[in-house]
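Colleague: What follows is the residue order along each chain.
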Amino acid sequence: MHAHAEQAGSEPMVRSTVPGISWPAIGSDASAHLQSLLFQLEHAQWLTAEQLRERQLAQLKCLLRHAGATVPRYADALRGIDVGGLGWESFQALPLLTRRELQKCFAALCSPAVPTSHGAVSEGQTSGSTGMPVRFLQTAVTQLFWNALTLREHLWQERDFSGKLAAIRIKVEDGRWPDWGLPAAVLFRTGPGATLNVRTDVDKQLDWLVREDPDYLITHASNLQALAELSIQRGIRLPRLRQARSYSEALRPDLRETVRTAWGVEVADGYSCEEAGYIALQCPRHDHYHVQAENLLVEILDEAGRSCGPGETGRVVLTTLHNFAMPLLRYELGDYAEVGAPCDCGRGLPVISRIHGRRRNMIVLPDGRRHWPSFPAEMWCEVAPIEQFRLVQKNPTEIEAQYVMVRELGLEEKARLEFALADRLGHRFRIVWNRCERLERGLGYKLEDFVSEL
Amino acid sequence: MNAVGGIDSAAGSGLRTAVEGIVWPAILPDAGAHLLAVNFQLEHSQWWPHEVMQRHQLAQLRLLLKHALEAVPHYQHPAYREWLQRADEEAWAAFAGLPPLNRRQAQEAGESLFATKIPPHHGAVSEDETSGSTGVPLRYRSTALAGFFWNAIALREHFWHRRDFSLRHAFIRSRPEAALGPTWGAPSNLVFACGEAANLQISRPVPDKRAWLEVLDPHYLMTTPSTLRALAESALADPLPLTRLREVRTVGETVTEAVREIVHRAWGVGLVDIYSLSECGLIALQCPVSGYFHVQSEWAVVEVLDAFGAPARPGGIGRIVVTPLHNFAMPLVRYETGDFAEVGEACSCGRGLATLKRILGRHRNRLVAPNGDIFWPNLSSLPWGELVPALHRFQLLQRKDYSLVLRYECERTLTREEERHLDEALLAHLRCTLPLDFERVATLPPSEAGKLEDFITEIQEAGE
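Quick note, the sequences are listed as chains A and B, same order. Position in the first sequence (first residue = 1) + 201 = the numbering used here. Position in the second sequence (first residue = 1) + 494 = the numbering used here.
There's no promise every hint is true.
Claimed, not checked - Pulled a few chain B residues facing chain A out of the computed Cβ check, cut under 10 Å:
hint	residue
1	Q535
2	I612
3	H616
Said to hold, decoys possible - Where chain B lies over chain A, by a calculated footprint (3+ residues, C-beta under 8 Å):
hint	segment
4	213–227
5	236–245
6	248–259
7	311–323
Stated by the list, open to error - Facing chain A, according to a computed beta carbon distance under 10 Å, are these residues of chain B, among others:
hint	residue
8	I501
9	V513
10	G515
11	I521
12	L522
13	L529
14	S539
15	E792
Hints listed in this document are in silico derivations from the structure and should not be mistaken for laboratory results. This structure is a prediction, so every number in the text was calculated from the model and none was measured. Heads up, the beta-carbon is just placed ideally off N, CA and C, and yes, glycines get one too.
Take these sequences, add in the hints, and give me the full structure.
Modeller: Encoded structure:
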């Protein structure tokens, strides 16, 4: 399968910044760097699995040299290891980094000597649907890769950039925009965009979608499910919609069919995490996922720590290849995934056939309104050193807040958190606080930060 | 797609990086990133169907013409203004009605073809003249931006043929000599930090070239077809083992099938040709699949016109007329290059870029019979080594009175017997009965570009 067979249908138009030159376009430096990476990615995807691993190893060695020399957490682990002669067996003998360690050893995982060419270093926090929020560092380089892979996903799915894109997600302001925003609009001439915060009641979201009438919709998987179900119930179609793009959660098995029934379109799903970037993107020809091997190394390990084969499910373990501010080596994300057989599309990128990640319930307010619950890590961390939390909706008016912490929350802390929760949830629920020794995983392998028993 | 080479040279580690510790995928310095950025676009556009390509060309052509009307004295003519007002549906038909600009007209137009102002960000303007194998050279101007596109397409040519930039490249060109250096030079060295290359002056005698190549033992060799033919003939007479050689590349002269064959016999490798003109840039590149030439439609509108000025059909031969789309220092609209080509069918590779099956050379390489018949003599296909082993090099010239003279380099004058042999063979090959004289010369003078054409005519055509 050659790239052109999939790409001939779309003609993304690159923005030109040189007067008199419209095509081929000369873009800004930022655009050039994105295109330069996309050009490389376009070729790399067709390398064989062995060739990809060889190139990953070359990049990994650069990262390990840096980590061994500058990152306290890895100084010991890598001491005495001949990085130049490192093979996969030695790499896989390195200890795993758990999410709890990442949470507790933030400082020891940071490099105090990031080369200046990696650009500005910034700190982020997971927005927290796992109940175990983590802080992390990123650089301009990791952001560039994030942007390039966002664009790869658009290109794989052959989206028409002249269409309208609607996004219902966290961390967005409600509004209408002249283009799709970053990074697509840096590179391509795009149609308009519209955004809505995912905390909006689902009924109102659907009304908004009818008004906006987009070509593409991007939102969280469970929110997409709720929208599609409501759309069927209310008999509403979205006539211009060409595709729905889901992210951040594992798909319920019936999601694709529900979306097809509701709007007659397909779902394209992506698998990412804030601390490591894109992990896997849906294959342009199948429902399964291709690991973004140019961005990170993904191991899927069984309980004994051995690599899983096709058809087997194991823990997702990541090694970011380009984050020199906070290298994550063999980081156990907390998700489970099933390894897939090599893909007949011809890409050598490894295949994940299923992701058993987090899946969210919608929160239900006493008046029946529903929305996708979001509890950013900052909300908890600003108040108290909470390590883990989970909210369980017991009935339409009451939520049990389970948490793991070295001590009990104080009254003032509880009051502040209740205030913050009321703001996030759109209603002042009665909160029942429950400090636990530890929180157990649910049936979906994954620790959920919100569970509804309704 | 997964053979090592091209962008994946040196197993993915050959790219230049601007960020310490990031080798794969690489983050290039700005200049290299921009070159890859254009190649990212070219990678997509090469598969577009003809109509889509034309739509994009038209948008760029309008910008070029708008600029020409605003800033280039030569184009202050109502025809161009009227063309700009045409609707898209009729623009191409109307474009074919714009006056062609032949080489002589371009020479006469002189500075009136130069833009009096250039939009920002097109970079510095440089001035040069064509190498002029015959006739008066043409002075031309181009912008740094046009040079950038030349480089981008030069890279595309490398990528198409999946060259491994970590290997060694020999150049025998008319450039200054250069000892073995750490890269292939621009534009490759803006993107890749690997490989080695050296250049030998094309004017050096064959024994020097042989000795140099033997020591260098390159993986790739680029030179002119006539130099290549001389080397291959020499290698067949006295083996020149270039065991690492993967491909030879040619530029600057017309390549015949005979040159391809002799190269294959000498070293067992293929030949990849580039069709370019210094005043117009890279016009057509050889397809890696079919061997046809793909017109570089993202850079120039290329027409092949028959004797009546209509587009030649596949299999037909016509004049190559070029409109480079991005050189705002000296817009050339429907510039008659003086070269001829045979139009090809749609290419089996799937690329939508139009094809030229053969590039036949310039008007001066056409033999004209007294009855007006025209054809391109393929002299290199004759068994020269068997006919006259003593002959070093030759050039067949057609005089204004249609007669022919074979000028040759040889250690002695040819015998009557040898002349008779050649006379018979040549006239049989040319299928004509023109008078043929022989003239021994000390050295056949190559053009300034180091070209030696095996056939030239003195019969002038308007515009040459």
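Colleague: Hint by hint, note whether the structure agrees.
Modeller: Consistency of the hints with the structure:
1. Q535: holds (4 Å)
2. I612: holds (9 Å)
3. H616: With a minimum Cβ separation of about 7 Å from chain A (threshold 10 Å), the hint on H616/B holds.
4. 213–227: holds (count 12)
5. 236–245: Satisfied; 10 residues make the cut.
6. 248–259: With 7 residues closer than 8 Å to chain B, the segment 248–259 of chain A meets the three-residue bar; holds.
7. 311–323: The restraint on the segment 311–323 of chain A holds, since 3 of its residues have a Cβ under 8 Å from chain B and three suffice.
8. I501: holds (5 Å)
9. V513: holds (4 Å)
10. G515: holds (4 Å)
11. I521: holds (6 Å)
12. L522: holds (6 Å)
13. L529: Since chain A brings a Cβ to about 8 Å from L529/B, closer than 10 Å, the hint holds.
14. S539: holds (7 Å)
15. E792: holds (5 Å)
No hint from the list above goes unmet by this structure.
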